[in-house]
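*Asks:* Sequence:
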Amino acid sequence: MNRLRTIPWSVLIVAALLLGLAPFAPQPHLVEKLGMLAAGELSRPLDIFDLFLHGAPVVLLMLKAGMVLFGKKEVGR
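For reference, each letter of the sequence shown is one residue, going 1 to 77 in the UniProt record's numbering.
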């Protein structure tokens, strides 16, 4: 988790927006793949890789936000 602290917020936000919403039309891949996952249709290896590729920056951003919001406070800082 220490490596996650070294990644700047701006990099994570830009990556989450660009990869999470790409392609912008007609439907973002992340939304499409999550729909396939919910419907039980996510079976091809390429689709699974696509879900991880487009979802990873969003997950990292949520982890970093969780560390900041719910992490223990350091005494003296």
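What the hints contain is simulated information worked out from the structure, not anything from laboratory work.
Glycine included, each C-beta is placed from N, C-alpha and C at the ideal position.
Some hints could be false.
Stated by the list, open to error - Distance windows between CB atoms, simulated: (1) V31 / V11: 19 to 25 Å; (2) P8 / P28: 34 to 40 Å; (3) P45 / G71: 21 to 27 Å; (4) L63 / E41: 23 to 29 Å; (5) E41 / I7: 29 to 35 Å; (6) L37 / L60: 25 to 31 Å; (7) E41 / S10: 33 to 39 Å; (8) L46 / V68: 31 to 37 Å; (9) G35 / G71: 19 to 25 Å; (10) N2 / F52: 30 to 36 Å.
As the list claims (entries may be wrong) - The list that follows gives simulated cross-link-like pairs (lysine to any residue, SDA-like), each with its CA atoms no further than 25 Å apart: (11) K64 / L53; (12) K64 / V14; (13) K64 / A25; (14) K64 / P26; (15) K64 / G40; (16) K64 / I13; (17) K64 / W9.
*Asks:* Decide if the proposed pair is consistent with the structure: K64 and W9, CA atoms, cutoff 25 Å inclusive.
*Replies:* Distance ~8 Å between K64 and W9 Cα, so the pair holds.
*Asks:* Between L37 and L60, is the Cβ distance one that fits in 25 to 31 Å?
*Replies:* violated, 19 Å
*Asks:* Determine whether the Cβ-Cβ distance between G35 and G71 falls within the hinted range of 19 to 25 Å.
*Replies:* violated, 33 Å
*Asks:* Below or equal to 25 Å on CA atoms is what counts here, so check K64 against V14.
*Replies:* holds, 14 Å
*Asks:* Go ahead and decide if the range 21 to 27 Å is satisfied by the Cβ distance of P45 to G71.
*Replies:* Violated, since P45 and G71 (Cβ atoms, about 35 Å apart) do not stay within the stated range.
*Asks:* Between E41 and I7, is the Cβ distance one that fits in 29 to 35 Å?
*Replies:* holds, 33 Å
*Asks:* CB of L46 to CB of V68, is that within 31 to 37 Å?
*Replies:* holds, 34 Å
*Asks:* Next pair to validate is K64 with A25; report whether the Cα-Cα distance is within 25 Å.
*Replies:* violated, 28 Å
*Asks:* Range first: 19 to 25 Å. Now tell me if the beta carbons of V31 and V11 are that far apart.
*Replies:* holds, 23 Å
*Asks:* Could one say that the CB atoms of E41 and S10 fall in the range 33 to 39 Å?
*Replies:* holds, 35 Å
*Asks:* For a C-alpha distance cap of 25 Å, please report whether K64 and G40 respect it.
*Replies:* violated, 29 Å
*Asks:* Would the hint linking K64 and P26 be met if the CA-CA limit is 25 Å?
*Replies:* violated, 30 Å
Checked against the numbered hints given earlier, this structure breaks hints 2, 3, 6, 9, 10, 13, 14, 15; the rest are met.
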